[in-house]
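Visitor: These protein sequences, in sequence, are chains Z and A. Take the first sequence: its letter number 14 is residue 14 in this note's numbering, and every next letter is one higher. Here this note's numbering = 1-based position in the second sequence + 1000.
On the chain A side, residues computed to face chain Z include the following (Cβ under 10 Å):
| no. | residue |
| --- | --- |
| 1 | 1003 |
| 2 | 1006 |
| 3 | 1033 |
| 4 | 1035 |
| 5 | 1042 |
| 6 | 1045 |
| 7 | 1046 |
| 8 | 1048 |
| 9 | 1056 |
| 10 | 1059 |
| 11 | 1107 |
Subject to a maximum C-alpha distance of 27 Å in a straight line, what follows is the list of computed DSSO-like cross-link-like pairs (lysine-lysine):
| no. | chain 1 | residue 1 | chain 2 | residue 2 |
| --- | --- | --- | --- | --- |
| 12 | Z | 98 | A | 1011 |
| 13 | A | 1015 | A | 1057 |
| 14 | A | 1057 | Z | 103 |
| 15 | Z | 103 | Z | 51 |
| 16 | A | 1011 | A | 1057 |
| 17 | A | 1057 | Z | 70 |
| 18 | Z | 51 | Z | 70 |
| 19 | Z | 98 | Z | 51 |
| 20 | A | 1057 | Z | 98 |
| 21 | Z | 103 | Z | 70 |
| 22 | Z | 103 | A | 1011 |
| 23 | Z | 106 | A | 1011 |
| 24 | Z | 106 | Z | 70 |
| 25 | A | 1017 | A | 1057 |
| 26 | Z | 70 | Z | 98 |
Think of the hints as simulated: they come from the structure by calculation, not from any bench. Idealized CB from N, CA, C, for every residue including glycine.
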Amino acid sequence: GQQLNQSPQSMFIQEGEDVSMNCTSSSIFNTWLWYKQDPGEGPVLLIALYKAGELTSNGRLTAQFGITRKDSFLNISASIPSDVGIYFCAGRQGGSEKLVFGKGTKLTVNP
Amino acid sequence: GAGVSQSPSNKVTEKGKDVELRCDPISGHTALYWYRQSLGQGLEFLIYFQGNSAPDKSGLPSDRFSAERTGGSVSTLTIQRTQQEDSAVYLCASSHRGFTDTQYFGPGTRLTVL
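Kindly produce the complete structure, drawing on both the sequences and the hints.
Guide: Here's what the structure looks like:
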C-alpha cells in the first residue's frame, strides 16, 4: 500500500542538540500528523497540521505542513533523554478516513 | 479516563490456527480503526468502523482477515489459518467521530505465528 517517505531512518544525538526529520510523498495530503511511539505502547499524537504552509508548535516541537501539500517536517529543539522513541509522520488524503504512515525515525539521545 | 485497551497483549500461535484480537475503544468514540505494524515498518491501515459498520475495509490483506464491532463499542479482529507473515503488532485506535478527530491508540497486541 501507499507509504510516506520518512527520513532519516534513525538518529543518534547528544542531549541538548536540535533534531529535524521530514516526510515526503508523491501525492497530496490534506492533513499531516506527527506521532511518537514508545516501546510497547501505541503511537501518541504530537502535532496535527491541517493547512498548507501551517507552522505549529507544541513545547519544544515544531512542525510544518509543506506548501505543496506533499511534505512535512518536525523539529525538536534542545533534546532531552525522554525524547527517545520512534517518531512517525502520517497523512490523510481528502475524503479518506485512513491514515498513511511513514516508516518512522528512531531517535536516540545520549545524556 | 480510560484509554483504548487491547487484549491479549501478546499472542503466540501455531501456523494454521485462528486467532481473535480484541479492542475496547474509549467510551463514546464512534470511530474505530485497526492497523498492523510489522517490524521496522510504519503502521498499515486495515479497517475502519463507524458505529458497527465498516465503510472502509480496503486494507484487509486477505480473506483470512475479518473484523466486527458490536454495540458500537468492542471490536474483534479475527485472523483465520494464520501464516508466519501475519506476525506483527496489531494496533487499534478510536476517535470521537472520525475524520479530523484525533485517533487515540491502544498499546497493541503482539502476534507471533510459529
